[in-house]
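**Student:** Residue-level listing of the chains:
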Amino acid sequence: MLSRSSVLSIQHKTFIPCSIRHLVLCRAMHGVQRNTLQAAQLDESGDRIVRLAAAAHAALECARTCLLSIDGDDKDIDGDDGALTNASSRTSRIETAMKASRAALEVNPDEYTLWNFRKRVLERGIGDTPGKREPGNKTQEMNSLDVWQDELRLTKVALQTHAKAYPAWQHRLWLLQQSKRVDAEMHTLWIKQERVLCEMLLAKDERNFHAWAHRANVKRLALQMKSELSSEPAAIPGCADEHGPDMIEQELEFSKQHILANFANYSAWHLRSVTLTKKVALLGGGAEHAEAVADIVEKELDWVRNAYYTDPDVESTWIYHRWLLEGELMERSSSVISSARRHGFLRAELTALNELVEMEPNAKWALLAKARLIRFLASEGQDTDSQQVQIILARLRELDPFRHGFYADLLSMQ
Amino acid sequence: MMTSDNKSHRSMDESVCAQLLAELHVESLLRLEASSESYLQFLLEHKKMSAMYWALTSLALLRSLHTLADRGAVLAFIKGCERETTSAGEDKTNRSQIAPALGYAGNVDQDAHLLYTLSAVQCLAVLGEFVLIEAQADRIAAYVRSLQNADGSFCGDAYGEVDTRFSYAALLTLQLIRRTDAVDVEAAVNYVLSCRNFDGGFGCIPFAESHAGQVFCCVGALKLAGALDRVDQTTLGWWLCQRQLPNGGLNGRPDKKEDVCYSWWVLSSLSMLDKQHWIDANALGAFIMRAQDDEYGGIADRPGDRADVFHTFFGLAGLSLLGHPSLEHIHPMYALPCSVIRQLNFSESA
Chain F
1 MLSRSSVLSI QHKTFIPCSI RHLVLCRAMH GVQRNTLQAA QLDESGDRIV RLAAAAHAAL
61 ECARTCLLSI DGDDKDIDGD DGALTNASSR TSRIETAMKA SRAALEVNPD EYTLWNFRKR
121 VLERGIGDTP GKREPGNKTQ EMNSLDVWQD ELRLTKVALQ THAKAYPAWQ HRLWLLQQSK
181 RVDAEMHTLW IKQERVLCEM LLAKDERNFH AWAHRANVKR LALQMKSELS SEPAAIPGCA
241 DEHGPDMIEQ ELEFSKQHIL ANFANYSAWH LRSVTLTKKV ALLGGGAEHA EAVADIVEKE
301 LDWVRNAYYT DPDVESTWIY HRWLLEGELM ERSSSVISSA RRHGFLRAEL TALNELVEME
361 PNAKWALLAK ARLIRFLASE GQDTDSQQVQ IILARLRELD PFRHGFYADL LSMQ
Chain Z
1 MMTSDNKSHR SMDESVCAQL LAELHVESLL RLEASSESYL QFLLEHKKMS AMYWALTSLA
61 LLRSLHTLAD RGAVLAFIKG CERETTSAGE DKTNRSQIAP ALGYAGNVDQ DAHLLYTLSA
121 VQCLAVLGEF VLIEAQADRI AAYVRSLQNA DGSFCGDAYG EVDTRFSYAA LLTLQLIRRT
181 DAVDVEAAVN YVLSCRNFDG GFGCIPFAES HAGQVFCCVG ALKLAGALDR VDQTTLGWWL
241 CQRQLPNGGL NGRPDKKEDV CYSWWVLSSL SMLDKQHWID ANALGAFIMR AQDDEYGGIA
301 DRPGDRADVF HTFFGLAGLS LLGHPSLEHI HPMYALPCSV IRQLNFSESA
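So the sequence lines, in the order shown, correspond to chains F and Z.
Residue numbers for the first sequence follow our numbering, so the first one is 1 and each next one is one higher.
Residue numbers for the second sequence follow our numbering, so the first one is 1 and each next one is one higher.
Treat the hints as calculated values from the structure; they're not laboratory data.
The C-beta atom is built at its ideal place from N, Cα and C for all residues, glycine as well.
Keep in mind that a hint or two might mislead.
Under the rule of at most 25 Å between Cα atoms (straight-line distance), these lysine to any residue pairs were calculated in the SDA-like manner [unchecked claim]: (1) Lys-257/Z / Lys-279/F; (2) Lys-278/F / Val-231/Z; (3) Lys-279/F / Leu-193/Z; (4) Lys-99/F / Arg-64/F; (5) Lys-164/F / Ser-144/F.
Chain Z residues, not near chain F, derived (Cβ > 12 Å throughout) [claimed, not checked]: (6) Cys-17; (7) Ala-135; (8) Ala-137; (9) Ala-187.
Cβ-Cβ distance ranges computed for the label pairs, FRET-style [claimed, not checked]: (10) Arg-153/F / Arg-178/Z: 44 to 52 Å; (11) Ser-92/F / Glu-295/Z: 49 to 57 Å; (12) Ser-88/F / Pro-100/Z: 30 to 38 Å.
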């Protein structure tokens with residue numbers, strides 16, 4: 001294998017970031033302003049980077065040697081030393097490499113190969129149940145719950161400073177999944193507690209899509225856990241309640257809190273649309289739920305109206321508004337709710353949009369929503385002024401010139 | 001800004017085009033090659049293969065690939081990132097493997113990963129090393145196949161992370177090596193469609209929020225599979241064109257800040273949908289131009305910030321899609337210069 005130093009004449013020892021611009025040129029940095037970094041800071045961070053790069057390199061080399069040793073052991077290929085010496089040197093190699101990779105990952109959790117290395121070491125420990133262990137074999141420590149707890153903590157440390165590091169999120173999800181093979185109770189507890197980490201990171205950045213996706217992944221794991229537990233209801237008493245309809249209400253409340261804090265948080269609106277779809281699906285298609293479904297739609301419309309009256313220029317609100325009027329919820333409700341009631345609240349919505357547009361004649365989102373609603377009501381045979389659609393689109397074409405071509409195409413589709 | 005002529009939205013004005021600092025950008029990219037320290041940038045080290053792809057393709061778009069000083073070193077680097085992946089614990093499927101699998105790592109001391117396998121194949125394609133690609137094609141196909149799951153999704157590597165980015169990486173890699181039949185394409189399409197949201201966009205997994213980067217990957221994957229007609233293109237186009245902000249730049253999600261990288265992800269998606277005229281070319285072009293570093297070259301995420309190779313590539317790629325006359329045309333689905341696509345004898349309209 002080629003070493004790093006043989007590629008493009010890279011020499012670690014001679015790596016001195018002599019020019020500030022080289023240092024910053026290649027780093028994919030988002031939002032670092034040219035004038036905010038002083039030369040002194042750059043020098044300092046330059047030295048730091050030299051040290052960190054060297055540490056990462058050493059950790060990778062250490063991990064590689066360690067894996068060769070482990071693989072050698074698995075294949076029963078002994079080296080020059082005796083078997084016992086091999087076992088003990090292997091253990092110390094593992095310990096050294098785990099330590100080095102931890103230090104490197106704490107500062108750069110994007111080093112995915114180091115996470116892979118740790119997975120392989122942890123995986124070795126999984127089958128290593130107490131009964132099978134040889135006395136005096138130090139690797140048994142790798143099997144203890146403490147090691148897994150510690151590993152989970154490491155991902156937390158990494159994510160607290162690098163909340164967008166894909167490999168750290170992946171490693172954490174892997175730990176959550178694999179913990180089932182280590183200890184069922186720990187697995188259950190971890191999955192139940194995972195929302196704490198997500199909430200902590202969303203408090204720092206409410207739009208962190210890694211954290212939102214992780215939440216979705218954990219919910220999937222929770223549902224898997226629930227379905228597995230339901231065949232053995234006595235295993236973890238009370239756990240299943242966490243993931244029934246209660247979970248839906250929890251999610252609705254969670255999205256509500258985030259939306260109330262900031263209407264422009266589309267991530268929260270999105271969660272709300274996904275959750276309400278599930279809620280209505282759980283209710284089933286029976287006519288007995290018609291009122292319940294209609295109430296949900298009306299309540300949401302009422303709420304979203306408050307949001308767009310407060311600020312008619314927030315895109316997030318309007319995408320959710322479009323979902324409410326045209327998405328899965330309305331699709332499902334159209335087969336359940338009587339058309340009289342449905343048309344009733346759609347007409348009320350049109351009135352609300354008209355009032356907004358009168359006050360804010362340049363509110364482009366409201367205008368587009370109005371045009372779509374008129375077109376929809378017309379398609380349902382309702383008496384509306386469908387001429388208005390063309391007039392509104394023509395107005396939007398002038399009002400929103402960047403999207404001139406979009407409105408022009410919509411007009412030609414009418 | 002306001003015009004009545006639709007066509008003016010499809011291309012940039014001469015005054016905007018004239019702002020491209022092409023020579024400075026070439027210099028900044030060549031400095032990456034020449035200076036021993038620049039590739040060592042700590043945060044990019046693990047994905048040097050992708051950085052290589054951004055740099056090489058940027059040079060190709062600037063019609064300056066011939067100025068590369070040491071092509072042999074680049075090929076040696078790619079060779080050094082080859083990984084046999086059939087060892088125990090790495091082959092996670094029970095499928096019979098005709099050829100031993102070969103993936104590429106992000107750097108010479110890293111593990112194989114699908115993203116870097118695509119980057120490696122793209123690098124080889126940009127360099128015109130088609131014989132090399134064909135020589136490894138069966139083994140690369142075996143690697144990509146080993147990463148497909150029963151539901152059609154793909155893992156990034158042997159450790160199980162699933163994301164729609166990998167669906168695109170898998171299908172594009174196979175297309176470039178001419179081994180598309182190595183995987184279940186229909187299942188791959190169905191998985192991508194399961195990640196589609198009401199707003200027309202796509203997320204990284206089912207039920208995840210739409211994100212322009214994922215939209216690019218999903219639109220690209222569907223286009224590669226000839227399945228783009230299975231989505232509501234008008235709704236998707238609506239969501240995409242709303243990414244343009246008053247400053248001309250594009251954001252990646254509703255109510256987020258603009259970033260030059262979305263010039264590629266949003267614009268290439270619109271281009272694949274034949275709706276590039278749904279945003280304002282001049283305003284976007286001018287925004288990218290403002291994000292250039294007029295002292296040392298390169299393009300930043302937004303005006304006033306530090307330039308880097310990632311945003312340099314996505315900025316140039318965006319300007320290329322906008323039809324900048326000094327730049328080689330880039331293909332929105334392959335993310336490679338159209339000249340390379342012609343050399344590969346692929347249809348550019350595919």
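**Student:** It remains to establish, for every hint, whether it holds in the given structure.
**Tutor:** Consistency of the hints with the structure:
The straight-line distance between the Cα atoms of Lys-257/Z and Lys-279/F is roughly 32 Å, outside the 25 Å bound, and the hint therefore fails. Pair hint Lys-278/F plus Val-231/Z holds up; C-alpha atoms about 22 Å apart against a cutoff of 25 Å. As the CA atoms of Lys-279/F and Leu-193/Z are separated by approximately 22 Å, the hinted pair is consistent with the 25 Å bound. Simply put, Lys-99/F and Arg-64/F have alpha-carbon atoms about 14 Å apart, close enough for the 25 Å limit, and the pair holds.
Restraint check for Lys-164/F and Ser-144/F: not satisfied, since their Cα atoms lie roughly 29 Å apart, outside the 25 Å limit. Non-interface status of Cys-17/Z relative to chain F is upheld: no Cβ of that chain comes within 12 Å, the nearest being about 19 Å off. For Ala-135/Z, the condition that its CB be more than 12 Å from all CB atoms of chain F holds, with the nearest at approximately 19 Å. The beta carbon of Ala-137/Z sits about 23 Å from the closest Cβ of chain F, which is more than 12 Å, so the claim that it is off the interface holds.
Residue placement check: Ala-187/Z keeps its beta carbon more than 12 Å from all beta carbons of chain F (closest about 19 Å). Checked against the given bound of 44 to 52 Å, the beta carbons of Arg-153/F and Arg-178/Z, roughly 47 Å apart, stay inside it. About 51 Å separates the C-beta atoms of Ser-92/F and Glu-295/Z, a value consistent with the hinted range of 49 to 57 Å. Range check, Ser-88/F to Pro-100/Z: about 34 Å between beta-carbon atoms, so the 30 to 38 Å window is met.
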